[in-house]
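K.L.:
Sequence:
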Amino acid sequence: MTSVPFARRALLRAFVVSALAATAGLPLAAQAEDVLRVSAIPDEAPTELQRKFAPLGAYLEQETGMKVVFVPVTDYAAVVEALATRKLDMAWLGGFTFVQAKIRTGGTAVPLVQRAEDAKFTSRFITANDSIKSFADLKGKTFAFGAPSSTSGHLMPRYFLGQEGINPDKDFKTVAFSGAHDATVAFVQGGKVDAGVLNASVWDKLVEQKKVDTSKVRVFATTPPYFDYNWTVRGDLDPKIQDKLKQAFLKLDPANPAHKEIMALQRASKFIPTKAENYKGIETAAHAAGLLK
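For the sequence shown, the residue numbers in mature numbering (1 follows the signal peptide of the UniProt record, and there is no 0) are -32 to -1, 1 to 261.
Be careful, since some hints might not be right.
[To be verified] With a straight-line cut-off of 20 angstroms between C-alpha atoms, the simulated DMTMM-like cross-links for lysine to aspartate or glutamate are:
| no. | residue 1 | residue 2 |
| --- | --- | --- |
| 1 | K184 | D105 |
| 2 | K238 | E251 |
| 3 | K35 | D211 |
| 4 | K178 | E12 |
| 5 | K88 | D211 |
| 6 | K228 | E85 |
| 7 | K20 | E31 |
| 8 | K228 | E31 |
| 9 | K238 | D221 |
| 10 | K141 | D105 |
| 11 | K219 | E31 |
| 12 | K214 | E31 |
[What the hints assert, rightly or not] Computed beta-carbon distance windows for the label pairs:
| no. | residue 1 | residue 2 | range |
| --- | --- | --- | --- |
| 13 | D181 | N224 | 29 to 39 angstroms |
| 14 | G258 | V3 | 37 to 47 angstroms |
| 15 | G133 | Q30 | 48 to 58 angstroms |
| 16 | T53 | T15 | 35 to 45 angstroms |
| 17 | G75 | A13 | 27 to 37 angstroms |
| 18 | G249 | D105 | 35 to 45 angstroms |
Read the hints as simulated data drawn from the structure, not as lab findings.
Since this is a predicted model, take the numbers as computed values, not measurements.
Don't be surprised by glycine CBs; every beta carbon is placed ideally from N, CA and C.
Given these sequences and hints, build the entire structure.
P.N.:
Shown next as structure tokens:
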């Protein structure tokens, strides 16, 4: 099998997106039990999220025998709430969003898998301002984070700034929230802010796709590694379905032509099992940054 069938099925998926959004609002009894409702935190443009998910969704349909639908959401909080209220079965979450989901679901949300890259994730601090060469140079400057609930675009960068003696709320001239990683790059490249921060994976992708002018925008610092993204399911999802999903992710192999496109879009070398304990550090950082009470 090649990736061509996935691509064809992906095109069909675009036609059902509006119906999926409507489905999320229906009572649970009105939703078919053989439908797996999946979403993701909106850390990139909606069209990019759907492009990345389409081949994966087709693959998961094959592996589970269920219809898989992608339910777009407006913000990070909406993913957490939909998972907690059983309007979603599975979601792509950042580390901080998972912590929020764990708390919101009373500890029942189950993190199934993460990319190998997510066990040592980093954020990149970027600027187009020649005078900024270190964290100390950020004082008095304008700065952009991603979304408030973003692990790699806000929480962990804020935490590591604190480790460097920088308090964003006091030391920056202004603090903006772009809403997404690609938007942060646009803010910096367009001169809306002096500097910003985004996750390393999106930065690398934008550079590869030549969607950022690296003659103007450069990385001046990188955070230490931390755990980040994972695929999480609601705790009361049928254990047999949970296991099918987990095994489907674990057997994805970029050397397999049928999996190559999926893995490339997910920017993953492989998927590995994960557990809630991996995100204790994120929870500690969130409390330290005042983002969890």
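K.L.:
Hints first: check each against the structure and report whether it holds.
P.N.:
Verification of the supplied hints:
1. About 18 angstroms separates the Cα atoms of K184 and D105, which keeps this hinted pair within 20 angstroms; it holds.
2. Of the supplied pair hints, the one linking K238 and E251 is violated, its CA atoms being roughly 25 angstroms apart against a limit of 20 angstroms.
3. For the hint linking K35 to D211, the alpha-carbon distance of about 17 angstroms falls within 20 angstroms, and the restraint holds.
4. Using a Cα cut-off of 20 angstroms, the hinted pair K178 and E12 holds, with the two alpha carbons roughly 16 angstroms apart.
5. A distance of roughly 25 angstroms separates the Cα atoms of K88 and D211; the hinted pair therefore is violated under the 20 angstroms criterion.
6. Between K228 and E85 the CA atoms are separated by roughly 17 angstroms; this keeps the pair inside 20 angstroms, and the hint holds.
7. With a C-alpha separation of about 18 angstroms, the suggested pairing of K20 with E31 holds against the 20 angstroms cut-off.
8. This hinted pair checks out: K228 and E31 have alpha carbons roughly 16 angstroms apart, not beyond 20 angstroms.
9. Taking the CA atoms of K238 and D221, the gap is about 6 angstroms. The hint holds against a cut of 20 angstroms.
10. Among the hinted pairs, K141 with D105 is consistent with the structure: their alpha-carbon atoms are about 12 angstroms apart, no more than 20 angstroms.
11. Note on K219 and E31: the hinted pairing holds, with a Cα-Cα distance of about 11 angstroms set against a maximum of 20 angstroms.
12. Straight-line distance between C-alpha atoms of K214 and E31 comes to about 10 angstroms, which keeps the hinted pair within the 20 angstroms bound.
13. The hinted window of 29 to 39 angstroms between D181 and N224 holds, with their beta carbons roughly 36 angstroms apart.
14. Taking the beta carbon of each, G258 and V3 are about 39 angstroms apart, inside 37 to 47 angstroms as hinted.
15. Against the hinted window of 48 to 58 angstroms, the Cβ-Cβ separation of G133 and Q30 comes to about 52 angstroms, which satisfies the hint.
16. For T53 and T15, the Cβ-Cβ distance of about 26 angstroms falls outside the hinted range of 35 to 45 angstroms, so the restraint is violated.
17. For the pair G75 and A13, the beta carbons lie near 33 angstroms from each other, so the given range of 27 to 37 angstroms is met.
18. The given range of 35 to 45 angstroms is broken by G249 and D105, whose C-beta atoms sit roughly 28 angstroms from each other.
Checked against the numbered hints above, the structure violates hints 2, 5, 16, 18; every other hint is satisfied.
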